[in-house]
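J.: The residues making up each chain are set out below.
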Amino acid sequence: MKGKIIKNSDNINTKIREILESLISKQIFDAVFVPVRVPTGESFTYLLIKDKNILKDCIPLPPIMSVQGARAFKDLTRLGKLKYKILCVMRPCEIRAMIELSKLRQVTLEDVSFLSLDCPGVYQTADYIIEPEKYDKSFSSLLEKWEPEGLRPNCRVCNHFSNQEINSDLHIGFYDQSLILVPLTKKGEEIFTSLGFESTDDLADWENRKNELLRRREEIRNKTFTELHNQTNGMEGLENFFKGCINCHNCMRVCPICYCRQCFFESTDQLRRESEDYLIRTEKKGGIRFPVDRMLFHLGRMTHMSLSCVGCGVCEDGCPMDIPVGQIFNFIGDEVQKMFEYLPGRDKDEPIPVLTYKEDELHEYEDAQETK
Amino acid sequence: MAQTFEPNLIGFLCNWCSYAAADLAGSNKLEVPANLATIRVMCSSRVDPIFILNAYLRGIDGVIIAGCHPGDCHYQTGNYYARRRFALLSKILKTFNLDPHRFRLSWISASEGQRFSQVTKEFAESIQKAGPNPLRKKPFID
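Top to bottom, those sequences are chains D and B. Quick note on numbering: UniProt numbering labels position 84 of the first sequence as 84, and the sequence is numbered without any gaps. Quick note on numbering: UniProt numbering labels position 32 of the second sequence as 32, and the sequence is numbered without any gaps.
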């Protein structure tokens, strides 16, 4: 693979900022969608930026994911396609979620270009806000060392942290204090040339390190998934896993994929019932817990969104009870995606498995009953 | 006489085929499990996996979804989607080891009253063998 290596980029944010400024100056894009540190300092947010002067404050690769990029972007194309050209600077999992949302017709990607970044992972927001300076410092060394310690658990097992199977236009990698620019699509190629770059540099070093990291990540991933599988065996295991759940539905609210304006579990159909209904339910069980449908919420959400789960872990970050909900969704997502040979965000033309079918398939599920 | 376990069953039946098959089975005086509660849906693809999970978590012993044979869907393709969703749900249930044997997807056309009787009887027997849903007496799990 060939690309452009920009040497001595010790501060990657500054270098990427320069690139973004130049893209705005050259009017290749009307605006960029990029994370920025909030003025008080301890958090980050996405800004749609037109003014070059505000671009000075952007942090393309923040140490936390306070909001998932796809979740943030969703409102932009609520009423149809953009009437201007923008560049989204996002982590790989955020772009993958964007692609999934486009398949679900929740965003329109016309006139949207993607700049993806090598992502070493993020810290958990709850940890970060206590000691932002400490984590800012350790994050800057993370791009050299790529150590999984202290990261969000889903980031530690992430196997799509770079340009692996990604639907991005231009990718920026980091290696040995250098910035690695790789155009991935025709659109990306155009952006790349307009910046005055040529794909002349050999990227073998960066790729070798990437593959080595991937091999290490896969090892941790397999081990973690086996542990999760053992932990969640049977309803007892599952109940134990979710024992702290307070049924707040925050995991659903922060999830980029959960797009329903009203979740089934918060719908009137589900919640406005005659008091007798509840009493009837107690007849078999002896009693029912309130608020109702806690396990149904988690299992039901799995059936609704696990095929598109990109494993970003923002649900776990948002859980007030510290339930490893991101890990279990990542695990079950991996299982069901493998079953349909599907990878969310890989290709915007690859339909979500439940939105398509083949005539001759899955006969093992017809009339088949598992024997105990 | 020893008390035998009579499973509580739910059947989601497609309006255009299995529901009519159930009707036909009745008119022909064929035997159908008495404790099968049928719910008429306009298509097997109307059955959200949540309906099935809901029944299971509330303590229902077995759930059967019946639709038109592949190629015969009243809406052309609904049953193909139903099959994919059922496969997805089965995979999740199997992964967490949550009684996947309590769920069944069958194709029963409007003329197959005999088959309706046979499939539901077979299903009831297998659930009877499997025993009651362990979640029946678990008030904390819903």
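Keep in mind that the hints were calculated from the coordinates and are not lab data. No residue lacks a Cβ here, since even glycine has one placed at the ideal position from N, Cα and C. Don't take every hint at face value.
To be verified - Okay, derived cross-link-like pairs now, BS3-like style, lysine-lysine, Cα gap no bigger than 25 Å in a straight line:
#, chain 1, residue 1, chain 2, residue 2
1, D, 223, B, 94
2, D, 210, D, 26
3, B, 91, D, 243
4, D, 103, B, 91
5, B, 137, D, 243
6, D, 186, D, 81
7, D, 285, B, 137
8, B, 94, B, 121
9, D, 186, D, 4
10, B, 91, D, 358
11, D, 285, D, 103
What the hints assert, rightly or not - Computed spacing ranges between beta-carbons, pair by pair:
#, chain 1, residue 1, chain 2, residue 2, range
12, D, 233, B, 132, 42 to 50 Å
13, D, 351, B, 40, 27 to 35 Å
14, B, 75, D, 54, 34 to 42 Å
15, B, 75, D, 227, 23 to 31 Å
16, D, 351, B, 94, 52 to 60 Å
17, D, 84, B, 40, 44 to 52 Å
18, B, 94, D, 287, 23 to 31 Å
19, D, 355, B, 97, 46 to 54 Å
20, D, 275, B, 97, 46 to 54 Å
21, D, 212, B, 125, 52 to 60 Å
22, B, 6, D, 159, 46 to 54 Å
23, D, 280, B, 48, 43 to 51 Å
24, B, 97, D, 38, 39 to 47 Å
What the hints assert, rightly or not - Counterexamples of contact, computed for chain B against chain D with all Cβ distances above 12 Å:
#, residue
25, 4
26, 15
27, 26
28, 29
29, 33
30, 36
31, 42
32, 59
33, 81
34, 111
J.: Hint by hint, say whether it matches the structure.
T.: Hints, verified against the model:
no.: 1; hint: D:223 with B:94; in the structure: holds (20 Å)
no.: 2; hint: D:210 with D:26; in the structure: violated (32 Å)
no.: 3; hint: B:91 with D:243; in the structure: holds (23 Å)
no.: 4; hint: D:103 with B:91; in the structure: holds (23 Å)
no.: 5; hint: B:137 with D:243; in the structure: holds (18 Å)
no.: 6; hint: D:186 with D:81; in the structure: holds (21 Å)
no.: 7; hint: D:285 with B:137; in the structure: holds (5 Å)
no.: 8; hint: B:94 with B:121; in the structure: holds (24 Å)
no.: 9; hint: D:186 with D:4; in the structure: holds (16 Å)
no.: 10; hint: B:91 with D:358; in the structure: holds (18 Å)
no.: 11; hint: D:285 with D:103; in the structure: violated (41 Å)
no.: 12; hint: D:233 with B:132: 42 to 50 Å; in the structure: violated (20 Å)
no.: 13; hint: D:351 with B:40: 27 to 35 Å; in the structure: holds (30 Å)
no.: 14; hint: B:75 with D:54: 34 to 42 Å; in the structure: violated (51 Å)
no.: 15; hint: B:75 with D:227: 23 to 31 Å; in the structure: violated (44 Å)
no.: 16; hint: D:351 with B:94: 52 to 60 Å; in the structure: violated (24 Å)
no.: 17; hint: D:84 with B:40: 44 to 52 Å; in the structure: holds (50 Å)
no.: 18; hint: B:94 with D:287: 23 to 31 Å; in the structure: holds (29 Å)
no.: 19; hint: D:355 with B:97: 46 to 54 Å; in the structure: violated (28 Å)
no.: 20; hint: D:275 with B:97: 46 to 54 Å; in the structure: violated (35 Å)
no.: 21; hint: D:212 with B:125: 52 to 60 Å; in the structure: holds (56 Å)
no.: 22; hint: B:6 with D:159: 46 to 54 Å; in the structure: holds (49 Å)
no.: 23; hint: D:280 with B:48: 43 to 51 Å; in the structure: violated (21 Å)
no.: 24; hint: B:97 with D:38: 39 to 47 Å; in the structure: holds (45 Å)
no.: 25; hint: 4; in the structure: holds (18 Å)
no.: 26; hint: 15; in the structure: holds (20 Å)
no.: 27; hint: 26; in the structure: holds (22 Å)
no.: 28; hint: 29; in the structure: holds (24 Å)
no.: 29; hint: 33; in the structure: holds (15 Å)
no.: 30; hint: 36; in the structure: holds (15 Å)
no.: 31; hint: 42; in the structure: holds (16 Å)
no.: 32; hint: 59; in the structure: violated (5 Å)
no.: 33; hint: 81; in the structure: violated (6 Å)
no.: 34; hint: 111; in the structure: holds (17 Å)
Hint compliance for this structure: hints 2, 11, 12, 14, 15, 16, 19, 20, 23, 32, 33 are broken, all remaining hints hold.
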